[in-house]
Amino acid sequence: GQNIDQPTEMTATEGAIVQINCTYQTSGFNGLFWYQQHAGEAPTFLSYNVLDGLEEKGRFSSFLSRSKGYSYLLLKELQMKDSASYLCAVRGTSSGGYQKVTFGTGTKLQVIP
Amino acid sequence: DSGVTQTPKHLITATGQRVTLRCSPRSGDLSVYWYQQSLDQGLQFLIQYYNGEERAKGNILERFSAQQFPDLHSELNLSSLELGDSALYFCASSGGDHRYEQYFGPGTRLTVT
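As you go down the protein sequences, you meet chains C and W in turn. Per this note's numbering, the first sequence starts with residue 2, numbered consecutively. Per this note's numbering, the second sequence starts with residue 46, numbered consecutively.
None of these hints come from the bench; they were simulated from the model. The model shown is predicted, which means the values in this text are computed figures rather than measured ones. C-beta: ideal position from N, C-alpha, C; glycine also. Nothing false has been slipped in among the hints.
In silico DSS-like cross-links for lysine-lysine, where the CA-CA straight-line distance does not exceed 27 Å:
| # | chain 1 | residue 1 | chain 2 | residue 2 |
| --- | --- | --- | --- | --- |
| 1 | C | Lys109 | C | Lys77 |
| 2 | C | Lys77 | C | Lys58 |
| 3 | C | Lys109 | W | Lys54 |
| 4 | C | Lys58 | C | Lys82 |
| 5 | W | Lys54 | C | Lys82 |
| 6 | W | Lys102 | W | Lys54 |
A partial selection of chain C residues facing chain W, derived with a Cβ cut-off under 7 Å:
| # | residue |
| --- | --- |
| 7 | Gly32 |
| 8 | Ala43 |
| 9 | Pro44 |
| 10 | Phe46 |
| 11 | Tyr49 |
| 12 | Ser95 |
| 13 | Tyr99 |
| 14 | Lys101 |
| 15 | Phe104 |
| 16 | Thr106 |
| 17 | Gly107 |
Partial pick of chain C residues on the chain W-facing surface, computed with a CB cut under 10 Å:
| # | residue |
| --- | --- |
| 18 | Ser48 |
| 19 | Ser86 |
| 20 | Val102 |
One chain only, chain C, in its complex shape (with noise of 0.2 Å):
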């Protein structure tokens, strides 16, 4: 099966860095994802990782580390539309020996003035 997971909340001053942290178990890794989801809104395309190392799209960057199991999404310069859950997502295989995308419960951020 897949276990992802990620802090629940977390908040941050604006301008400040951020990071937040996403550990997983899965069979047959292929790939992980972040989505950015304000309230009551669609998730959101962030960036995907498969290899290790570090993604960098303008504020965002994303790392993975799979020998760990772990991946973390850092924001750059926060603003306060930063403020939405972050979901950390795994490409697995399923039982069914086909390709899964299973999704965290989200962390959260409160970007505070």
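Starting from the structure of chain C, add chain W where the hints point.
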């Protein structure tokens, strides 16, 4: 705009009733996923279809069923509705040029009274 459409946007119905939620994936996407998200809860994966065939099943109740049609649109049928079925139901699609990340529709908010 993700390119995924869902109808209706809102649905209010009574306990014991049956409803159908509809989803049209992004052009070229072959996979459709259904998720349930209750208030302040994480995304619960229900079911996935790939090119008309069921590919993976999550925590979907027996009262719920889904199908994907030859034109790739999908429907989620919810029957014998209970108060606890009130939630946001998201459809997502993947495949095509960017085959790994999922693109979410705006969701259908179901309220069971």
